[in-house]
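Participant: Listed here are the chains, written in short residue letters.
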Amino acid sequence: GDSVTQMEGPVTLSEEAFLTINCTYTATGYPSLFWYVQYPGEGLQLLLKATKADDKGSNKGFEATYRKETTSFHLEKGSVQVSDSAVYFCALTPGTGKLIFGQGTTLQVKP
Amino acid sequence: DTEVTQTPKHLVMGMTNKKSLKCEQHMGHRAMYWYKQKAKKPPELMFVYSYEKLSINESVPSRFSPECPNSSLLNLHLHALQPEDSALYLCASSQDPAGASRGEQFFGPGTRLTVL
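Residue numbers (the numbering used here), protein chains in the order written: chain W, 11 to 121; chain R, 150 to 265.
In case anyone wonders, no lab produced these hints; they're calculated from the structure. Hints are not guaranteed to be accurate.
[To be verified] Taking lysine-lysine and the PhoX-like style, the derived pairs with C-alpha atoms no more than 25 Å apart in a straight line are:
{"#": "1", "chain 1": "R", "residue 1": "LYS202", "chain 2": "W", "residue 2": "LYS108"}
{"#": "2", "chain 1": "W", "residue 1": "LYS66", "chain 2": "W", "residue 2": "LYS87"}
{"#": "3", "chain 1": "R", "residue 1": "LYS202", "chain 2": "R", "residue 2": "LYS167"}
{"#": "4", "chain 1": "R", "residue 1": "LYS167", "chain 2": "W", "residue 2": "LYS108"}
{"#": "5", "chain 1": "W", "residue 1": "LYS87", "chain 2": "R", "residue 2": "LYS189"}
{"#": "6", "chain 1": "W", "residue 1": "LYS120", "chain 2": "W", "residue 2": "LYS70"}
{"#": "7", "chain 1": "R", "residue 1": "LYS190", "chain 2": "W", "residue 2": "LYS108"}
{"#": "8", "chain 1": "W", "residue 1": "LYS87", "chain 2": "W", "residue 2": "LYS70"}
[Claimed, not checked] Simulated restraints on C-beta separations:
{"#": "9", "chain 1": "W", "residue 1": "LYS120", "chain 2": "R", "residue 2": "PRO232", "range": "41 to 51 Å"}
{"#": "10", "chain 1": "W", "residue 1": "ASP64", "chain 2": "R", "residue 2": "MET164", "range": "50 to 60 Å"}
{"#": "11", "chain 1": "R", "residue 1": "SER208", "chain 2": "W", "residue 2": "SER24", "range": "36 to 46 Å"}
{"#": "12", "chain 1": "R", "residue 1": "LYS167", "chain 2": "W", "residue 2": "SER68", "range": "43 to 53 Å"}
{"#": "13", "chain 1": "R", "residue 1": "SER208", "chain 2": "W", "residue 2": "THR15", "range": "18 to 28 Å"}
{"#": "14", "chain 1": "W", "residue 1": "THR116", "chain 2": "R", "residue 2": "GLY163", "range": "24 to 34 Å"}
{"#": "15", "chain 1": "R", "residue 1": "SER204", "chain 2": "W", "residue 2": "ASP12", "range": "31 to 41 Å"}
{"#": "16", "chain 1": "W", "residue 1": "LEU23", "chain 2": "R", "residue 2": "HIS175", "range": "36 to 46 Å"}
{"#": "17", "chain 1": "W", "residue 1": "GLY71", "chain 2": "R", "residue 2": "PRO218", "range": "24 to 34 Å"}
{"#": "18", "chain 1": "R", "residue 1": "ASP245", "chain 2": "W", "residue 2": "GLY51", "range": "50 to 60 Å"}
{"#": "19", "chain 1": "R", "residue 1": "ARG261", "chain 2": "W", "residue 2": "THR116", "range": "45 to 55 Å"}
{"#": "20", "chain 1": "R", "residue 1": "GLN244", "chain 2": "W", "residue 2": "GLU73", "range": "34 to 44 Å"}
{"#": "21", "chain 1": "W", "residue 1": "LEU23", "chain 2": "R", "residue 2": "SER169", "range": "40 to 50 Å"}
Because the structure is a prediction, the values reported are computed rather than measured. A virtual CB, placed ideally from N, CA and C, is assigned to each residue, including glycine.
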């Protein structure tokens, strides 16, 4: 079945460091891919998305490229801030109405 | 209006109580969802409504009873819950009907439920 695998956290970085959170997926067909962010005590917010191969999603300095050949959708940011501390979920939907999530990666950014 | 709202924000209930969670969206979305999220875990899908009809029930115990009175409103009725049902309950919506949607889901802030 369809699945998403994220790098295990927590990830601890200093402010202004470069961020990469790895995400790979297994799916039949052509899923849409998403990154969601969850700040402490809140719901999930859509961070970015990509709906077809080679699409690049971007938002608030975060980027991820849909790589079909490597079945990956890695999240990157050039310079993290303390306010980026949160849990990040990679997810896919194969078009059935279900969102399939990775296990989540906790990011802690220290000043 | 581009948000999903949920009430209440927090709920504490005993195992014999009956309570309801409420979710609203005014984006004209055709599908609405209930998720359960335990600490440090991803959300788990419970129910999906598409065009106000239940389209997916992920084998959820009958002590959870969903209801979709209209296209903007989704309720989750709770009865005889167990302490292990304590969790964050998230509502979401998507523009396209569930079976045809490859688009994003928009999430509400959640209801933090504690069952004593």
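Participant: None of the hints should be skipped; say for each whether it holds.
Facilitator: Status of the hints after comparison with the structure:
With a C-alpha separation of about 16 Å, the suggested pair R/LYS202 and W/LYS108 falls inside the 25 Å cut-off, and the hint holds. Restraint check for W/LYS66 and W/LYS87: satisfied, since their Cα atoms lie roughly 13 Å apart, inside the 25 Å limit. Between R/LYS202 and R/LYS167, the direct Cα distance comes to roughly 23 Å. Compliance with the 25 Å bound is thereby established for this hinted pair. Only pairs whose Cα atoms come within 25 Å are accepted, and R/LYS167 paired with W/LYS108 is rejected, the gap being roughly 28 Å.
A distance of roughly 23 Å separates the Cα atoms of W/LYS87 and R/LYS189; the hinted pair therefore holds under the 25 Å criterion. For the suggested pair W/LYS120 and W/LYS70, the alpha carbons sit about 19 Å apart, so the restraint of at most 25 Å is met. Between the alpha carbons of R/LYS190 and W/LYS108 the distance comes to roughly 17 Å, so the proposed pair stays at or under 25 Å and holds. Restraint check for W/LYS87 and W/LYS70: the C-alpha separation of about 9 Å stays at or below 25 Å, so the hint holds.
For the pair W/LYS120 and R/PRO232, the beta carbons lie near 36 Å from each other, so the given range of 41 to 51 Å is not met. In this structure the supplied range 50 to 60 Å holds for W/ASP64 paired with R/MET164, their Cβ-Cβ distance being about 52 Å. Range check, R/SER208 to W/SER24: about 45 Å between beta-carbon atoms, so the 36 to 46 Å window is met. Distance hint for R/LYS167 and W/SER68: a CB-CB separation of about 46 Å, consistent with the stated range 43 to 53 Å.
Distance hint check: the CB atoms of R/SER208 and W/THR15 are about 24 Å apart, consistent with the given range 18 to 28 Å. One distance hint, 24 to 34 Å for the beta-carbon pair W/THR116 and R/GLY163, holds here, with the actual separation near 33 Å. Checked against the hint of 31 to 41 Å, the C-beta distance between R/SER204 and W/ASP12 comes to roughly 18 Å, which is inconsistent with it. Take W/LEU23 and R/HIS175: their Cβ atoms lie about 38 Å apart, and the range 36 to 46 Å holds.
Hint check: W/GLY71 to R/PRO218, Cβ distance near 41 Å, so the stated range 24 to 34 Å is violated. The supplied range of 50 to 60 Å is broken by R/ASP245 and W/GLY51, whose beta-carbon atoms lie about 30 Å from each other. For R/ARG261 and W/THR116, the Cβ-Cβ distance of about 19 Å falls outside the hinted range of 45 to 55 Å, so the restraint is violated. Range check, R/GLN244 to W/GLU73: about 24 Å between beta-carbon atoms, so the 34 to 44 Å window is missed.
At about 42 Å, the beta-carbon gap between W/LEU23 and R/SER169 stays in the expected band of 40 to 50 Å.
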